[in-house]
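Enquirer: Chain residues, written in single-letter form:
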Amino acid sequence: MTQKTILEIKNLNISFSQKDRKIEAVKNLSLDVQENSFTCLVGESGSGKTVTALSLTRLVPSASVTGNIFWEFGGHITKLFSKVETLENNLVMCPQNTDLTKLSEKELSQFRGRQISYVFQDPATSLNPLIRVGDQINETYLAHFPTTYEEAKKETLAHLESVQLKDVERVYRAYPHELSGGMKQRAMIAMALVAKPKLLVADEPTTALDVTVEREILKLLEELRKSRNLTILFITHNLRLAASYADVIYVMKKGEVAEKVERGARGFSMQSDYGKQLFRAGLMGVGPKTFIEV
Amino acid sequence: MFLEIEKINKSFGSLHVLKDISFSLKKGESLGIVGESGVGKSTLIKIILGLLKPDSGKILFEGASLSYFKKSDWKAFRKKAQIVFQNPFSSLDPRMRVRNILEEPLRLNGENSNELLRKKMNTLLKEVDLPTDFSNRFPRQLSGGECQRIAIARALSAEPELLVCDEPVSSLDLLAQAHILNLFLKLQKERKVGFIFVSHDLKIVRHLCDSVLVLQGGQVCEIGPCLETLERPKHPYTRLLAEASGL
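Chains as they are written, first to last, in my numbering: chain A, 1 to 294; chain B, 295 to 541.
Careful: at least some of the hints might be erroneous.
[Said to hold, decoys possible] Each computed DMTMM-like pair below joins lysine to aspartate or glutamate, with the alpha-carbon atoms no more than 25 Å apart:
| no. | chain 1 | residue 1 | chain 2 | residue 2 |
| --- | --- | --- | --- | --- |
| 1 | B | Lys420 | A | Asp99 |
| 2 | A | Lys289 | B | Asp314 |
| 3 | B | Lys483 | A | Glu204 |
| 4 | B | Lys497 | A | Asp203 |
| 5 | A | Lys289 | B | Glu537 |
| 6 | B | Lys497 | A | Glu105 |
| 7 | A | Lys289 | B | Asp460 |
| 8 | A | Lys219 | B | Glu537 |
These aren't lab readings, by the way, just hints derived from the structure by calculation.
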């Protein structure tokens, strides 16, 4: 299968400066994401997974970022700040090989949601508790496609349905507290997808959920990837979860990529000591009642 | 029999949480309790520890019923049955140093000499693989895994025969989890501590427990030896959970 790279990160360094010292969160990180792949970023807490993902679209303002983030895919982005009446005039082509680190804040906000979109860990805190779920999704849609309210509602309902929520009219009118954790996370996915992005970054989207719900959400992501030709960058500390869904796993340790493994015929086989250690910690290949070598 | 639970029922208002729960545990044996959130796992362990009274049913600890316990019986029972909670940050007092957290239960159990206290505390810290100079730290200066080890050390200070753990590793990172699991195994093998292990991760239950109890809708839907039950589940719900945990 010949695949196309849609995102390429080259020599990314992310650091935070405090009064007298500099904290390097990510050091010399390079990775690429293939079109339509399920790419996983795995590592312990504090290994720099999240800050890498957020820095793709400069969502951590206090960080100083060097290196390049090439958006190879191109595709359409939205003219957010121009006054346009029709949808067609509203679309601009994003040149291939755009370096996201060189874009202005204004250009980036056209990019966020439209090409790269996010789903975060805790669905309860990422939704606004005071606004109905439907309206929150409408808002996202209207920001990217200046159409009528009715049009946006139609689109929102269609997206709520596509994330396999039942009784979408009720969910549309519901406030976040009226939904369960799994339903909220589905609504978040619908919101992330409403502007039809190419890449969905899912940052520990199931950590706050029960195991059975976790499985359902992952199945949903897997189906959406096929039906929408979506690319997924999945961030987790659970290597076991990554191993059952990913095509490629990047193992991160202390801000660096310790290993890149692709799915082989017999799943993943880690080469580095750290990768093997993580595998054992996930109780893979460890017999019951035996000590784990970590 | 070490611990016997017979036909426990518990309701909160009109909500019937636990229905006719029965099981038993031999000394030094470990039992895993699994089920979805809200199924009554935590209520069940509160009842086992005598922190909540059941509406009906019996709990026998070493043959004696908890409902006839006198004050002195409770004192002895509390020493023998200890608990470790899910969130290590909220189960440790943020204003106490590790030293005080560990010394307090030792003192309550009748240890007065300062020198012996220090010695016992150092052994406890060593047992949970922490350096002894951690005794001066506050919980906020420790990582989640380290905090959980302190919570375990505190539980061990009473030299319990039964350790009840309510999702002790679910808020921890994979590597920290592995260290805690190793620690539990060591306690099982060396100290012969019995465990009641509440979790929604069947993989961890399979790793640590001898038998497993699956709760669904407040009822026991399957109970049996761990490996057998999880590899060949009879009940469809157990199968669903086993699949979800990637077994």
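Enquirer: Next, verify each hint and record whether it holds.
Expert: Against the structure, the hints come out as follows:
| no. | hint | in the structure |
| --- | --- | --- |
| 1 | Lys420/B - Asp99/A | violated, 52 Å |
| 2 | Lys289/A - Asp314/B | violated, 31 Å |
| 3 | Lys483/B - Glu204/A | violated, 35 Å |
| 4 | Lys497/B - Asp203/A | holds, 23 Å |
| 5 | Lys289/A - Glu537/B | holds, 21 Å |
| 6 | Lys497/B - Glu105/A | violated, 45 Å |
| 7 | Lys289/A - Asp460/B | holds, 19 Å |
| 8 | Lys219/A - Glu537/B | holds, 13 Å |
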